[in-house]
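> Chain by chain, the residues:
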Amino acid sequence: MSRTLYDLAYGRAGDKGNIANISVIARTSEAYQDLKMRLTAERVKAHLGDLAPGRVLRYELDNIEALNFVLYDALDGGATRSLRIDALGKSLPGALLCMEWD
Amino acid sequence: MTYRIGSAQGFYGDDVTKALPMITGGHVDAVCFEALSELTLAILQKDRLANPARGYTFDLNIIARQILPEAYKRKIPLITNGGGLNPLAAAEMMRETAEKLGLYGIKIAAITGDDVLAQLSELQAAGEPFTNLDTGEAIAKTLNQQFMAANVYLGAAPIVQALHAGADIVITGRVADPCLYLAPLIAHYDWEWDNWNMLASGIVAGHLLECTGQVVGGNSLAALRSLNPRDLPHLGYPIAEVEADGSFVITKTPDTPGLVSVETVKEQLLYEVHDPANYLTPDVAADFTTLRLTQDGENRMRVSGIAGKPPPEKLKVNIARLEGYMRELIFTIGYPEAWLKVEWLKAMIAESWRDLPIGRISYSNLGMNSLYGSLATLPDDPLEVIVRVMFTAQDQDTLKTATRRAMANGLSCPPGMSVSGSTIGGDPRAIVGLWPALISRDKITPEIHFLEL
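Taken in order, these protein sequences are the chains called A and B.
Numbering-wise (the working numbering), the first sequence opens with residue 1 and increments by one.
Numbering-wise (the working numbering), the second sequence opens with residue 1001 and increments by one.
Heads up, some of the hints might be wrong.
Stated by the list, open to error - Which chain A residues face chain B? A few, computed with CB under 10 Å, are given here:
hint, residue
1, I22
2, D50
3, I85
4, G94
To be verified - Using 20 Å as the maximum straight-line C-alpha spacing, the simulated DMTMM-like pairs for lysine to aspartate or glutamate come out as follows:
hint, chain 1, residue 1, chain 2, residue 2
5, A, K90, B, E1272
6, A, K16, B, D1134
7, A, K36, B, E1263
8, B, K1309, A, E60
9, A, K16, B, E1137
10, B, K1100, B, E1452
11, A, K90, B, D1014
Stated by the list, open to error - Here are some, though not all, of the chain B residues that point toward chain A, as calculated from beta-carbon distances under 10 Å:
hint, residue
12, L1133
13, L1221
14, V1262
15, Q1268
16, L1291
17, R1292
18, G1305
19, N1318
20, R1360
21, L1366
22, R1388
23, F1391
24, A1430
25, I1431
To be clear, the hints were calculated from the coordinates, so they are not data collected in a lab.
Where a beta carbon is used, it is the ideal one built from N, C-alpha and C, also for glycine.
Chain A extracted, bound-state conformation (with noise of 0.2 Å):
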């Protein structure tokens, strides 16, 4: 079976606006260093597709082994104005750590 990001890492996403931030935080050392060299935010927002239109800014965080993204206009306008079931995008941690990684 194929691994998949679920594997190496946990997270949670929050909303601010029509800001979305999940947060990517790795279950061992090692797999921080695979995650913090590989999983960049281009990649991120390559996978994403429809889910992040606009920006993906990264953000590291050494001390907790854990990296922090950032999707502008990811929320159809955020929370109060989304037409989507999930207007928090409280599901989103799921659309990336869905991802295959080998």
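Starting from the known structure of chain A, arrange chain B on it as the hints suggest.
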């Protein structure tokens, strides 16, 4: 000596009675209640328009009747932003309830000054363009001037002042969430207003506390296999035990279910965070990238080494505007040829609404692509498809007409289709657009009002 802050509310509608075991068990020195999401003030505006004595969160009634008596008895101050758009009316309600309960000697503080809705034009004339932080647009250039709420994120200072004056409960409107929790720490430890590392430590403690259940196992992917799901409604809410040097332990109310682990703390640390080296608040910019997490016993995580920097020059203001209404309909479609029938449904609806001023229309298939859009692979020949249609208009009547017309095709529809009854009976929902902007600090003067009994 350690100072302990409990957190018993993370949103309007949270179970504020989780404060009781903290207070009666002697586990806290102050309890904070954070009630205001970005949308809450726009919801409260509807209450205030209907009745000028309203506009605060109804959870305050529970706090007044059930929690205040226990806290007052033990001289444990309560701090809440649940005053929403009307902290003064909330304080008056609190005083009346305290009188009925015989809480003589109580001192209630209400903090105002965050609500700038009535001054928006005046402030623009005085050189505040309210440029949208996300889009760069000036608000005067936009057509929609249907403002519902405009509130500035205040800092900890007026709360500290109220606590120093002996307030037993402090009721505010919009205050930056973590500043609610920072305030009692400053009041207790007398941290200087430029002691950035201390202020940032209080902010990080507040940030970890402000979403109650989310740091004790709620909404936690990491805790999915560590908790008993029957414990979720009973999770003990979090407490921060803070030292004079700013380091603190995050734990939960003793003898209650839940989990505080390195994982739950990391998850909450990054919740709703953008640049973790610059977590901006009115009082300090906190840096999350230097802190250390260490286990300090079961369900106890120590957080230390937090750094801070001066806060941004200006304050943040969120302006809410009414942008129209939205409505939902859910249709069920089964085998055979489900995808063809979905196309028929969409064509039928488009034709029925051809001459209506519908704004946006959004289709999704529940259970297939409603969460992850284009990431999802759709089956070729599904047994069932649940189609959700969301549509908007400037006015509610258009949405009612659109719904009636779609329903009038009930016996002239694609074969085997049905519509979810609860969505037919649903009401249009207001679309509230949020406009984040900045405002000069010298334009904002918080006021403290004391009500005593």
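> Each hint needs a verdict: does it hold in this structure or not?
Verification of the hints:
1. Taking 10 Å as the C-beta cut-off, the interface hint given for I22/A holds, the closest approach to chain B being about 9 Å.
2. A distance limit of 10 Å between C-beta atoms decides the matter here; for D50/A the minimum to chain B is near 4 Å, and the interface restraint holds.
3. The interface hint given for I85/A holds, since its Cβ lies 5 Å from the closest Cβ of chain B, which is under the 10 Å cut-off.
4. Proximity of G94/A to chain B holds as hinted, the smallest CB-CB distance being about 7 Å (cut-off 10 Å).
5. With a C-alpha separation of about 11 Å, the suggested pairing of K90/A with E1272/B holds against the 20 Å cut-off.
6. With a C-alpha separation of about 11 Å, the suggested pair K16/A and D1134/B falls inside the 20 Å cut-off, and the hint holds.
7. For the given pair, K36/A sits about 18 Å from E1263/B by alpha-carbon distance, which is consistent with the 20 Å threshold.
8. Pair hint K1309/B plus E60/A holds up; C-alpha atoms about 19 Å apart against a cutoff of 20 Å.
9. A C-alpha spacing of about 18 Å is found between K16/A and E1137/B, which places the hinted pair at or below 20 Å, so the restraint holds.
10. Of the supplied pair hints, the one linking K1100/B and E1452/B holds, its CA atoms being roughly 14 Å apart against a limit of 20 Å.
11. For the hint linking K90/A to D1014/B, the alpha-carbon distance of about 17 Å falls within 20 Å, and the restraint holds.
12. With 10 Å as the threshold, the beta carbon of L1133/B comes within range of chain A, its nearest partner Cβ sitting at about 8 Å, so the hint holds.
13. Of the supplied interface hints, the one on L1221/B holds, with its beta-carbon coming within about 4 Å of a beta-carbon of chain A, less than 10 Å.
14. For V1262/B, the suggested interface contact is upheld, since its CB lies about 8 Å from the closest CB of chain A, less than 10 Å.
15. For Q1268/B, the suggested interface contact is upheld, since its CB lies about 8 Å from the closest CB of chain A, less than 10 Å.
16. For the restraint placing L1291/B at the interface with chain A, the shortest Cβ-Cβ distance is roughly 6 Å, inside the 10 Å limit, so the hint holds.
17. At a threshold of 10 Å, the smallest CB-CB gap from R1292/B to chain A is about 7 Å, leaving the interface hint in force.
18. The interface hint given for G1305/B holds, since its Cβ lies 8 Å from the closest Cβ of chain A, which is under the 10 Å cut-off.
19. The beta carbon of N1318/B comes within 8 Å of a beta carbon in chain A, closer than 10 Å, and the hint placing it at the interface holds.
20. Interface restraint check: R1360/B against chain A, minimum CB-CB distance 6 Å, threshold 10 Å, status holds.
21. With a cut of 10 Å, the hint placing L1366/B at the interface with chain A holds, because the nearest CB-to-CB distance is about 7 Å.
22. At its closest, the beta carbon of R1388/B sits 6 Å from a beta carbon of chain A; the interface hint therefore holds under the 10 Å criterion.
23. Hint on F1391/B holds. Least Cβ distance to chain A is approximately 8 Å, under the 10 Å limit.
24. At a threshold of 10 Å, the smallest CB-CB gap from A1430/B to chain A is about 8 Å, leaving the interface hint in force.
25. At a threshold of 10 Å, the smallest CB-CB gap from I1431/B to chain A is about 5 Å, leaving the interface hint in force.
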